[in-house]
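Peer 1: Chains W and H, in that order, give the protein sequences. Just so we're aligned: 2 in my numbering is position 2 of the first sequence, and the numbers increase by one with no gaps anywhere. Just so we're aligned: 1082 in my numbering is position 82 of the second sequence, and the numbers increase by one with no gaps anywhere.
Don't take each hint at face value.
Some chain H residues near chain W, calculated using beta-carbon distances under 7 angstroms [stated by the list, open to error]:
#1 Ile1217
#2 Thr1221
#3 Gly1223
#4 Arg1261
#5 Tyr1347
#6 Ala1358
#7 Met1360
#8 Lys1374
#9 Gly1412
#10 Trp1443
#11 Arg1445
#12 Glu1648
#13 Gly1649
#14 Ile1652
#15 Asn1674
#16 Arg1682
In silico DSBU-like links for lysine-lysine, alpha-carbon gap of 30 angstroms or less [said to hold, decoys possible]:
#17 H:Lys1200 - W:Lys148
#18 W:Lys148 - H:Lys1690
#19 H:Lys1263 - W:Lys116
#20 W:Lys116 - W:Lys148
Hints listed in this document are in silico derivations from the structure and should not be mistaken for laboratory results. Beta carbons are placed, not taken as given, at the ideal position from N, Cα and C, and that holds for glycine.
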Amino acid sequence: MLTLNVNGQVVTIEASSDVSLLWVLREHLGLTGTKYGCGAGMCGACTVHIDGVANFACQIMAADAANTTITTIEGLSEDGTHPLQLAWIEEQTPQCGYCQSGQIMRAAALIADNPKPTREEIIDGMSANICRCGSYPRIVRAIERAVKEDHHG
Amino acid sequence: MDKNFDASRRKFILGSSAVAFAVLATGAVTVLRNDPAKSRETIEPETLRSIKVDAWVSIDSNNVVTIHFPSTEMGQGIMTSQPMIFAEELDADWSKVIARQIDQGPLETFGNPHTGGILFTAGSSSIEGYFTKLRMAGANVRRILLYTAATVMGVPVTDLVTEKSEVIHPRSGQRLTYAAIANAGSMVTNVPAITEADLKPREEWRIIGRDQNRLDIPAKTLGETVYSIDVRVADMVYATQALAPVEGETPLQIEDGEARRIKGIIDILPLKNSVAVVATTFEAAIEARNKLQITWSQTSPFRGVNSQQELADTELAAKDLNLTATAWENRGNAVAALHADAENVVYATYTTEHVYHAQMEPLCAVANVDEDEKGAEVWLGTQSQTLSIGAAAQALQTTPDRIRFHAMQMGGAFGRRTFFARDLLVDAIHISRAVKRPVKLMWTREDDVKNGWLRPATAHHLSATLDKEGRVKAMRHRVASPSIFEFAAPQRWANAKGRDLLVMEGTESSEYDIPDFLAEHVLLKRQSRVSAWRGIGWGINCYARECFIDELALKAGQNPLDFRRRLLQNSPRSLKLLDEVTQMSDFGNAPNGRAHGLAFAGYKSTLGAGVAEVSRDPNTGKVKVHKFWAAVDPGIVIHPHNYIAQTEGGIIFGLSGLMRERVSFVNGEIEQQNFYDYEVMRIGDVPQIKVNIVESGEAPSGAGEIGVPMTGGAVANAFRALTGEHLRHMPFG
């Protein structure tokens, strides 16, 4: 038995002690917005927040995430209106969309930590996440837009 | 088994008080109406089958228009752009349009004329193939609504206009929503047939050519989009495969005692190419897979293949002019012209290595075989519903109508999901049949890499002669590579007469004014599984040709721009693109330490030109791309914002491929495993990109691949201009 705090809810699941957080989220809890891309911490499709810090869910044992606060894309905002989610629509960023949960979660941790990142800091901060469709220029623009609008708003 | 599904899936579901319009291939329209007397709002499947149609569109009581689109969404935005075309002619209120995937259906109605009449999303053919078909269908439905409204209002149909899902009688101010018309007593379907002359003139378009928001994007910001890997159905179990290390091998002996003791294991099954492990959780399946001891057969001919040897042999084959080749494009007599001027022939050879698609979603299939084992429900992210349904039906030795198919959003495809169902989906079906439960069969990233269908190694031997003024008199583009077509679509290859469009397209150089020209294919035996890759033949063929054109310009003592201008003198569209891209980039005026390179490289009927600005990376000594400009002419642009996004993505894909992407294999086994040894471009390596559309008003063409072909030539030519070094082998990094 494993107890986790995911998106503000305490959930108890039956899973072996060495299962990664990724498969617990996706297949045990049905939170499929967090994606499997590589299982090796190389692509960032599985990025979630653990106590507010961006992490590869595929590289963390679920058991090690007990007593933490886990946030997935489904819990990033109440109603899909996180400034990044809105900016992602404004910039029409996603193409296939598969990597975008991870991209948004990575960016959310980045701007929470550094509310006014420079372009270099954005690029540096996002380098753990791969987008094969090539939406990178729009990821940068969306983050810049979110930061700007949040700042003025 | 899921009894409810059979009842719901086979019928065309309508919302309450809705009406659906099925437009036959002939243009005739059948109106399908729900029967309010029945509790389930459905059209009986017999009705649909007897009239051999499904519906393109339905309109519900809230005037919401649901448009069904035939191509599958892999990121290219087709879920929005195809409905835009239909909605334009229907004169629908775009803010109240819903798009729904067509999972199957009569090919007479829904097949793509540009992919052999089947449901197949490949080769950037979805816009060019469906443009007229969708317009005609939309116009047909609008006409029925108009005629019915005329009857309801008691006015001549010629006095009516439409706007945003309403029919309006301007003289009286009467208005009827499409929903209200659909709920009128009976629809007038006996209307004059639509012809192309009835379609809206371009100046009246208000949906096409505008930057509509993509319909798929909001869900993709919420993590709500369901890909095949996300499918979860009741009672579902998980399967993984221990796949043969080398193609063609089969498991001979399986020691699975330890694996079977793992909690949650349901079964361990030998398949032809693998051993499948089925468990109640994915992690248990993987754990058990790791404990299997498998003795594989050792007889596959692929045990003896090595990628470096293949590459060397391919280069030799391209250069050996005595080897037989299949002509792909032949104008004049290039062989004779080159022979006549043999001492002045300029030649060069370019090679490309194997590459892998690296779509972000590893391959996955979900299947649930029926109790009688003669039908199945299937969920698959696929580029072809038709081919996938066919593969599933064949696996069960049943008829396609017994396959209840769900075409899922794809987490990228790039050519990987064209002909693959015969492996992955067929295996999922075999497993589901054996364990009598719905099965999600997932490949890990390592499985996906090591069992990739690769763009094969190619070699391009180009030769040409120039006249005294430096004009290209004759040119020969000789490509050596295995056939992709032969492996991917053996039935079609049998009738192709050795002509492989997946390898050879893009060699034609048809915009170039070269009197004697030959493109030919030296067909080699494949040494790996092979596949089309984003850009298909255009990507590699345009790379080789555009490098060679620069080499010819150098020989002629001309700058690459003027040299191409003369070659393109008969193509005003092409000259416009050269003008545009050279203006955008201030071509030839790169800052110190950098240089510009130009490539004229289109994709099918799309024309394109690109300029790269590069330097030499002081740390690696390799080429570094700082900026990339592209000018493209796709004909009519359906969705400009998305067109530019697709072209940007294609440029990045092309640049990624030419920098570091490389698959190698030794003794038939692919050496790479994952993103740590197969490196795709990350955000920090992306150059500044600017794409301009130069619209000619010609028939529309696709968006997904035009970015790729211009990248190789532009980057290599820039590096040569900077350093004098030729990049004749891809990847460059």
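Peer 1: Does each hint fit the structure? Answer for all of them.
Peer 2: Quick rundown of the hints versus the structure:
Hint status for H:Ile1217 relative to chain W: holds, with the closest Cβ pair at about 5 angstroms, below 7 angstroms. The beta carbon of H:Thr1221 comes within 4 angstroms of a beta carbon in chain W, closer than 7 angstroms, and the hint placing it at the interface holds. Here the hint on H:Gly1223 is kept, as its CB sits about 2 angstroms from the closest CB of chain W, short of 7 angstroms. Interface hint at H:Arg1261: violated, since its Cβ lies 14 angstroms from the closest Cβ of chain W, which is beyond the 7 angstroms cut-off.
Checking H:Tyr1347 against chain W: minimum C-beta separation of about 34 angstroms lies over 7 angstroms; hint violated. Interface restraint check for H:Ala1358: the shortest CB-CB distance to chain W comes to about 6 angstroms, inside 7 angstroms, so the restraint holds. Among the interface hints, the one on H:Met1360 holds; its C-beta lies about 4 angstroms from the nearest C-beta in chain W, closer than the 7 angstroms criterion. Interface hint status for H:Lys1374: violated, as the beta-carbon distance to the closest one in chain W is roughly 30 angstroms, over 7 angstroms.
With a least beta-carbon distance of about 5 angstroms to chain W, the hint placing H:Gly1412 at the interface is held under the 7 angstroms criterion. For H:Trp1443, the shortest C-beta to C-beta distance to chain W is roughly 10 angstroms, which exceeds 7 angstroms, and the interface hint is violated. Of the supplied interface hints, the one on H:Arg1445 holds, with its beta-carbon coming within about 4 angstroms of a beta-carbon of chain W, less than 7 angstroms. About 6 angstroms separates the beta-carbon of H:Glu1648 from the nearest beta-carbon of chain W, less than 7 angstroms, and the hint is met.
About 3 angstroms separates the beta-carbon of H:Gly1649 from the nearest beta-carbon of chain W, less than 7 angstroms, and the hint is met. For H:Ile1652, the interface hint holds, since its Cβ comes within 7 angstroms of a Cβ in chain W; the closest pair sits about 3 angstroms apart. Restraint check, H:Asn1674 versus chain W: the minimum CB separation of about 5 angstroms is within 7 angstroms; hint holds. With 7 angstroms as the threshold, the beta carbon of H:Arg1682 comes within range of chain W, its nearest partner Cβ sitting at about 5 angstroms, so the hint holds.
Of the supplied pair hints, the one linking H:Lys1200 and W:Lys148 is violated, its CA atoms being roughly 42 angstroms apart against a limit of 30 angstroms. The suggested pairing of W:Lys148 with H:Lys1690 holds, with an alpha-carbon distance near 23 angstroms, which does not exceed 30 angstroms. As the CA atoms of H:Lys1263 and W:Lys116 are separated by approximately 49 angstroms, the hinted pair breaks the 30 angstroms bound. With a C-alpha separation of about 8 angstroms, the suggested pair W:Lys116 and W:Lys148 falls inside the 30 angstroms cut-off, and the hint holds.
Checked against the numbered hints listed earlier, the structure breaks hints 4, 5, 8, 10, 17, 19; every other hint is satisfied.
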